[in-house]
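Following the hints, complete the assembly by docking chain B onto the known chain A.
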Amino acid sequence: MSTQQDVSDDDEIILECRNLSVSYYTRAGEIPAVVDFNLTLRAGESVGLVGESGCGKTTVAMAIMQYLGQNGAIVGGEVIYKGQNLKELSAEEIRRLRGNEIAMVYQEPMSALNPSMPMSRQLMEVPLTHEPGITEDEARQRAIKILEDVDLPDPERVMRSYVHQLSGGQQQRVVIAMALLANPSLLLLDEPTTGLDVTVEAGIVALIGDLSKRFNTSIIYVSHNLGLILDTCDKVYVMYSGDVVEVGSVEDVFDRMRHPYTHGLFNCIPLPGADKYERPLVPIPGQLPLPHERPGGCNFGPRCEHFTSGACDTVVPLSVVAEHSGHSVRCTRWDQIEWGSMRANAYDGAETEIGGSVLAVEEMQKYYELSEKTITSFVTGKGSRFVKANERVSFEALEGQTVAIVGESGCGKSTLAKVIVGLETASEGSVIFKGEDVSRTPTRKRTREQVSGMQMVFQNPFDTLNPSYTVGTQLARVVRMFGDEKGKRSVRERVRELLALVKLPPEFANYRPRQLSGGQKQRIGIARAFAGNPSMVVADEPVSALDVSVAAAVTSVLMDTQRQHGTTLLFISHDLSLVRYLADRVVVMYLGHVMEHGTTDEIFSPPYHPYTEALLSAVPIADTSIERKRIILSGSLPSAIDPPKGCPFHTRCHRKVGVICETKEPPEVEFGEGHTIACHIPIDEMREMGAVIVQKAKADAVSETVGD
Amino acid sequence: MAVITAPAPSQGVRVPQFLEGILLLRESKIGMFGAGLVLFWIVVALISGTLIDLGILFPPNEPLVPNLLPGSHYFLAAGKLMIETPVEDVCSLITAGADAGKYDCGIFWFGTDAVGRDLLSRTMFGARQVLLYAPLAVFCAYAVGIPMGLAAGYLRGWVDDVLSFTANVILSFPVLVLYIIVISVFGASALNIVVAVVFGSAPTVFRIVRGITLDLCNVEYMLAAETRGEPTWRMLLVELLPNARGPLIVDAMLRLGFTVIAIGVLGFLGLGLPPPDPDWGKMVSEMRSFITVYPHMVLFPCIAISSLILGFNLLADGLREISLRD
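These protein sequence lines are chains A and B, in that order.
Its first residue numbered 74, the first sequence is counted upward by one per residue in my numbering.
Its first residue numbered 438, the second sequence is counted upward by one per residue in my numbering.
Certain hints may be false.
What the hints assert, rightly or not - Pairs of lysine to any residue, SDA-like flavour, derived with a Cα cap of 25 Å:
#1 B:Lys466 / A:Thr99
#2 A:Lys561 / B:Arg671
#3 A:Lys518 / B:Val675
#4 B:Lys466 / A:Lys561
#5 A:Lys518 / B:Cys654
#6 A:Lys218 / A:Ser240
#7 A:Lys559 / B:Phe576
#8 A:Lys518 / B:Ser744
#9 A:Lys518 / B:Thr669
#10 A:Lys702 / A:Thr724
#11 A:Lys561 / B:Val675
#12 A:Lys518 / B:Glu657
#13 A:Lys518 / B:Tyr591
Derived from the structure by calculation, the hints contain no laboratory data.
On a predicted model such as this, the values are computed, not experimentally measured, just so you know.
So here's chain A without its partners, still in its complex pose:
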């Protein structure tokens, strides 16, 4: 859904940035963060700023708010709000604009809200500060009304709550409510849904679209997620290393892109048309240049395959793409590049052979005990309560297969990973790894073959390596523990082999973790996991903390390594697009229960479990030819200490059958071999479910997206 409203050229121009340049002053000197940024925003329009970390998009948002902190400054150009140059205003006048006419929603709602004040005070602060005549009662009424507008149930309770008493999604809604209370003309959103679950994110995105239509607010949406931009914005600015490299309407940029970076970015995203063998992800080669190492001329030049010296190494201005209105591109060769012929090469190797069973999890149950130490429990004799993290989980993984565990936060996937690897022991059930039950054996008690046969890649690349030792030392340690190499030289050889495996040069063995980027550290994490030639690798959200292009590079390294060794990969993620691209089999979890499992194709096409259906509809997809059914889940995740009886999903299910869902546990219904859905809905009804993700026919004959 791209256009929120039809914006004509006669509409008032709310914001204009003319040749805006922002720099930061650090010990290393002046670092230009944004160079010559131009933007025009009309009333009711939604504009997206897209780019990866370090491209300058947050800096632009801060500069518009005139809030650059101590070491940032606008060094050129101007920001003109409703015809008024913001540089000419005094601090008091700008203060009156902020929060009143220009509002901002930040990335972390937890830190945007004051932890020591109840929501009522924080919300009422907005009208009380900006509207001098208003009384406290009126302010309170306004606050309650806006909480209803943002779809928060029980606004009275929210008014009384403190930040820590609200969930992430609720916090972000309160922040949006605060931003909208003063009825701003301009709303800036800086990655407002990072860290939120996909289903929650879908709700927030729908809310923003709804509200902007209702209040006719102009929106600037800063994000690195192209799918979200497609859902919310009319116009897109693609930024790279401080420059805008492409501007245009959403259709133009997404379907008819004209910049190699935009093209590269889309190639990095696992769209529904991608396939790991036929049409693999193609990471952008090279690395983002550091601000002081920018090449003169086109910033993207060193990484661009169309780079020609002479044309591309001088400063490149924005050129207008004649065929589409409002579409500009910062490339000198945009009209010379054959966009239609740029296609990713198919993987030229054999598909991995699937072998016998490596891991079989049967009815595994993991309860964490919360011992009650209060006097009341001592008196009443009531024992401990349990956090029911995993409930009767069963699935199987064969040799060479990639099995994905999918679910949102609180579904128990991390606990499952920990039990499998041995960081925790199961309470009931079994985990059979290569024929032996390891569910009650912690890692320390396992045999060396079991330990070296199952390794893990962790989520946070920044903490995955010990900062006190060099990369080589850490890899050598693992090699010595698991490998057969004993002598110093052979260990060093093996370390070098491992680095080459993850496509890093051998010099990296001497670097310390703080000298590496996130993507490089994660690659070393992968090298470390594969050092002992494991039969199975558990990857716990290995790329969620990384930028799009870096994630694509790390994902392809992971896949290549897996293929080379024939390792089974247990891939835990909440990113359904990536799962669809990578996995052979998928297990969908909710609140510790397995809701559905089957092959990837079976999961992504009907019949679905209602939760899977909601998940699929919530995931933003950066493809204009895809239409998704809109399903927004009501309510929030129930507590794992006190899960709902019967089907755990019934409190939020949009296809709830009736009382049976609240009382009886759903049966496992089989839909073909290996595809089971745990639901009460009758089989025939399920078979009639429509698809959530539908591919429309492409209207434009000259489109060149990956899915073509």
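Relative to the frame of chain A, chain B by itself:
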């Protein structure tokens, strides 16, 4: 896929990690000054013995001429022997003035105390024992506190409860009372001073290490070590402890300062290190009744103690500044 070219590392040369830390110190002026002070006293402690042998310094415990002011000359009548060397060889004969006929055997730069001992050499020698026992005591405190902290932070449960309780009980005693109790019960000796300081310092070290262990226990690289099947002791000592070195080093420097104070106070109370080496605290306590008449007897040991403690404190400040900056 092409091999990704790597960015150049931030240091061009492979410098051993220890030297890295020392070179970093240059960034903090305060740290440099503190380090200078400490280094000064270390050098003093090291060379004082040699200087005696070379005959440049007076012996620290020999009563010579009492109550001399700083800068006074040491006049000896002819014939008196000093350190088995005939006076004529070492001293120069004064030919003119009131003291003609006597030998000028050097200057008491700091004067002498009421018994007649040279204060300069006493002050210099005082550094030796302090700079030997203070680091030793701190080292022992760490040797006790670190394992306690690691165990409490990692194992938690009843181990943590017992250890924390013990530490809190010890910490609830005023430190000085604790020292006095230990020394009075076990007698004054170098070993007992070390024991007393360990008692006083280990609980704080325990707390610091326990806090860091609790923080770092579930960090990814620790989990990675656990999934490798690393034995617990290795995980704690090799993987975790080096990452605690920042706060621990700063605390060590501060603790050295406190220990110097402790040794000084114990010396003042007469519970300090036993003779023969002079003890700054004892010097102050012995001469304090003369403070209105001959303040220099008390002044020099006080300046010595203060400057050494100041050196450690400033060094700790500098290190903390640098570790925060990183």
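Quick rundown of the hints versus the structure:
For the given pair, Lys466 (chain B) sits about 20 Å from Thr99 (chain A) by alpha-carbon distance, which is consistent with the 25 Å threshold. Taking the CA atoms of Lys561 (chain A) and Arg671 (chain B), the gap is near 21 Å; set against the 25 Å cutoff, the hint holds. Pair hint Lys518 (chain A) plus Val675 (chain B) holds up; C-alpha atoms about 20 Å apart against a cutoff of 25 Å. Between the alpha carbons of Lys466 (chain B) and Lys561 (chain A) the distance comes to roughly 42 Å, so the proposed pair goes past 25 Å and is violated.
Pair hint Lys518 (chain A) plus Cys654 (chain B) holds up; C-alpha atoms about 19 Å apart against a cutoff of 25 Å. For the proposed pair Lys218 (chain A) and Ser240 (chain A), the alpha carbon gap of about 20 Å is at most 25 Å, so the pair holds. Distance check on the hinted pair: Lys559 (chain A) and Phe576 (chain B) sit about 35 Å apart at the alpha-carbon level, beyond 25 Å; violated. A distance of roughly 55 Å separates the Cα atoms of Lys518 (chain A) and Ser744 (chain B); the hinted pair therefore is violated under the 25 Å criterion.
Proximity of Lys518 (chain A) to Thr669 (chain B) is assessed by CA-CA distance (about 12 Å); at most 25 Å being required, the pair is judged to hold. Taking the CA atoms of Lys702 (chain A) and Thr724 (chain A), the gap is near 21 Å; set against the 25 Å cutoff, the hint holds. A threshold of 25 Å between alpha carbons decides the hint, and for Lys561 (chain A) with Val675 (chain B) the separation of about 20 Å falls inside it, so the pair holds. For the hint pairing Lys518 (chain A) with Glu657 (chain B), the CA-to-CA distance comes to about 20 Å; that is within 25 Å, so the pair holds.
With a C-alpha separation of about 18 Å, the suggested pairing of Lys518 (chain A) with Tyr591 (chain B) holds against the 25 Å cut-off.
Checked against the numbered hints listed earlier, the structure breaks hints 4, 7, 8; every other hint is satisfied.
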